[in-house]
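Chains as they are written, first to last, in the working numbering: chain A, 1 to 179; chain B, 1 to 293; chain C, 1 to 257.
Don't read these hints as lab results, they were simulated from the structure. Careful: at least some of the hints might be erroneous.
As the list claims (entries may be wrong) - Stretches of chain C that chain A covers, calculated by requiring three or more beta carbons in the stretch to come under 8 Å of a beta carbon on chain A:
hint	region
1	185-192
2	213-222
3	230-238
Unchecked claim - Ranges of calculated distance between the beta carbons of each label pair, as one might list FRET restraints:
hint	chain 1	residue 1	chain 2	residue 2	range
4	A	THR97	C	GLY69	44 to 50 Å
5	C	THR88	A	ALA96	37 to 43 Å
6	A	ASP9	C	ALA76	39 to 45 Å
7	A	PRO87	C	GLY135	28 to 34 Å
8	B	TYR50	C	ASP146	32 to 38 Å
9	C	SER78	A	ALA7	42 to 48 Å
Even glycine gets a Cβ: it sits at the ideal position worked out from N, Cα and C.
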Amino acid sequence: MLYGNYAVDAGSIRLAHQGATIDLATATPREILAVRRDTLGYVSQFLRVVPRVAALDVVAEPLTARGVSNDEAREKAAALLARLNLPERLWHLPPATFSGGEQQRVNIARGFITDHPVLLLDEPTASLDAANRTVVIDMIAQKKRQGVAMLGIFHDTDVRDAVADRLIDVTSFAPRQAA
Amino acid sequence: MNAPTGSIASYNFAYLDEQTKRMIRRAILKAIAIPGYQVPFASREMPMPYGWGTGGVQVTAAIIGPHDVLKVIDQGADDTTNAVSIRAFFQKVANVAVTTRTDEATIIQTRHRIPEQPLKAGQTLVYQVPIPEPLRFLEPRETETRKMHALEEYGLMHVKLYEDIATHGRIATTYAYPVKVEGRYVMDPSPTPKFDNPKMHMSPALQLFGAGREKRIYALPPFTRVESLDFDDHPFTVQTFDKPCALCGAEGVYLDEVILDDRGGHMFVCSDTDHCESRQGDGHRGQQEGTFR
Amino acid sequence: MDEPLLRVAHLSKSYGPRVGCADVSFDLWPGEVLAVVGESGSGKTTMLNAVSTRLEPTAGTVSYRMRDGAWRDVFAMSEAERRFLMRTDWGFVHQNPADGLRMSVSAGANVGERLMAVGDRHYGNIRASAIDWLGRVEIAEDRIDDQPRAFSGGMRQRLQIARNLVTRPRLIFMDEPTGGLDVSVQARLLDLLRGLVSDMGLAAIVVTHDLAVARLLSHRMMVMKDGRVIEHGLTDRVLDDPRAPYTQLLVSSILQV
Chain A
1 MLYGNYAVDA
11 GSIRLAHQGA
21 TIDLATATPR
31 EILAVRRDTL
41 GYVSQFLRVV
51 PRVAALDVVA
61 EPLTARGVSN
71 DEAREKAAAL
81 LARLNLPERL
91 WHLPPATFSG
101 GEQQRVNIAR
111 GFITDHPVLL
121 LDEPTASLDA
131 ANRTVVIDMI
141 AQKKRQGVAM
151 LGIFHDTDVR
161 DAVADRLIDV
171 TSFAPRQAA
Chain B
1 MNAPTGSIAS
11 YNFAYLDEQT
21 KRMIRRAILK
31 AIAIPGYQVP
41 FASREMPMPY
51 GWGTGGVQVT
61 AAIIGPHDVL
71 KVIDQGADDT
81 TNAVSIRAFF
91 QKVANVAVTT
101 RTDEATIIQT
111 RHRIPEQPLK
121 AGQTLVYQVP
131 IPEPLRFLEP
141 RETETRKMHA
151 LEEYGLMHVK
161 LYEDIATHGR
171 IATTYAYPVK
181 VEGRYVMDPS
191 PTPKFDNPKM
201 HMSPALQLFG
211 AGREKRIYAL
221 PPFTRVESLD
231 FDDHPFTVQT
241 FDKPCALCGA
251 EGVYLDEVIL
261 DDRGGHMFVC
271 SDTDHCESRQ
281 GDGHRGQQEG
291 TFR
Chain C
1 MDEPLLRVAH
11 LSKSYGPRVG
21 CADVSFDLWP
31 GEVLAVVGES
41 GSGKTTMLNA
51 VSTRLEPTAG
61 TVSYRMRDGA
71 WRDVFAMSEA
81 ERRFLMRTDW
91 GFVHQNPADG
101 LRMSVSAGAN
111 VGERLMAVGD
121 RHYGNIRASA
131 IDWLGRVEIA
141 EDRIDDQPRA
151 FSGGMRQRLQ
161 IARNLVTRPR
171 LIFMDEPTGG
181 LDVSVQARLL
191 DLLRGLVSDM
201 GLAAIVVTHD
211 LAVARLLSHR
221 MMVMKDGRVI
231 EHGLTDRVLD
241 DPRAPYTQLL
251 VSSILQV
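Can you make the complete structure from the sequences, with help from the hints?
Below is the structure:
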């Protein structure tokens, strides 16, 4: 809902975008696209990409979409994938054939490559091993130092405690409670 | 209305009835008014099969008068079957004077050539046209080709020339080479060799084109701009021949190959028989003169 | 820049009493890809043909912002102007490449035709452009003089795309561009299309019955049923949170691999 994937029935989602406040609940599709391009980043649980595109280009794409040159975007993408310990031999393969953990790392790299001021994280560490989980925690901390506001969903309490400043318990939002 | 008939009382003058001639003349006038534009007309059955020049014959029949002097050529020659038959036809149905001399003729009906001798004001060249639509082989739909002419969409014509260069390294179209008339309509000059294309440009003679089967008439009034299509880096050129005519020694004319024997002997001679004979009459001689006669 | 490229208002097309499409309105912005989905017979192709002036609509207007910034009602243009627009600033990619290509002229001439149509008279330049565009759509240079009949379905489709893009249009219409191609070829084509659309800042209207194609290519999506637009919004919103019962049915009908 926050990213605009789900339509809002009631309430508002206010976000500072390009010096103005925009309500995502009522924004036009075009405005939402602009918000996504410049303000609101998203690390999803699922990887939905064009088949046949190499992992490196999947990661670089958010940058090229904002007008960064291909070479520069690929360089940054390579650095991120290296940091996330994705074997270099996989970089030029399409992620569709990767394991869950590998796909997730591609996803995280794709979400972290830009400098969006707001980032949504949907269980970013769910299928990662301990070593990579630490890398992600570091990356989140780094974003935090850069002043990026992040909203994340975490099941993993260790990670949650390591990164979160504030907790929202969503069980109170659940429909059965509301009813 | 009957023109002088003499012994051919059973025919109207020049075979066609007067209503038909009027209809054809209207089409001709319209064609002259819009140079290069194909005017539809109600082509009649003629006493010869389509493909034998029925379009040209109808145009000639519509414009010929008792005082005209008619020359008919087929591939430049006055003495081939088609030329002889059409000449005889008009002698019979219009009782007009006929000639083989280009400069004596007032009307020249032609298949596939333009005479070598430059035409003069007052002369009319009538072309027999098999397929008047230059875009036909590229776009088979008549509705579409008409629209393309109307909107001056001629990119396709260059596609054809492009294909030539891509395939042969040069524009390989050597006859029926498309031209642009007065900077507007693209026109098929009928299957004349491209050698003759420059002769159409700014000619003092009136040029009329008749396509019997396709029922179209088009025209080039005297002194019309006629440009052969080409590319900037592959300009239009005409054919050149290594040797002069073997009979009359003429250079810079269109030559036909004549096979002399079964051992590969051959020679090149003027395709325009009148031109060749006139030159020989003036004493010009080619290298093989004598072996041929 | 911040103005739509195309405005469609209350567009309807009926075939006698039968409705082709009814009351379709939308704006399309530069660089935006709009997918139109719906099952066969939903009116999406009729709508596409009416917007692209291949069909005369019964009612409604289609306005286009020309390169000079002026808005023009495309149906008020003269036919010559409209056809010129269609072969310079617009492109149309047919489902069946044979409908959009000249099958009996070479690949190079297919790509070069639009250039020649707008007056390019330099063979060398035309050929260089053709080679460049064949390369961009991943057709080997040594196929330039082959006719599209000798090409596979995927190659033909890529050739058709090159032929449309050589004049650098700003708006392209696509009718089931990946229909009839096997999945690996389809994937390659989608990848290519996405790259070209983003590199050239192309606006596109893509008609497809394949929701996966719509998701990969488009920013926005319109769902049509019985000639009407029943849902319209951000592509992932429509697919992840379909509102109309029919869209829910459509989304739930996708086969999962």
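These are the hints, each one checked on the structure:
| no. | hint | result |
| --- | --- | --- |
| 1 | 185-192 | holds (count 4) |
| 2 | 213-222 | holds (count 4) |
| 3 | 230-238 | holds (count 4) |
| 4 | A/THR97 to C/GLY69: 44 to 50 Å | holds, 48 Å |
| 5 | C/THR88 to A/ALA96: 37 to 43 Å | holds, 38 Å |
| 6 | A/ASP9 to C/ALA76: 39 to 45 Å | holds, 42 Å |
| 7 | A/PRO87 to C/GLY135: 28 to 34 Å | holds, 32 Å |
| 8 | B/TYR50 to C/ASP146: 32 to 38 Å | holds, 37 Å |
| 9 | C/SER78 to A/ALA7: 42 to 48 Å | holds, 44 Å |
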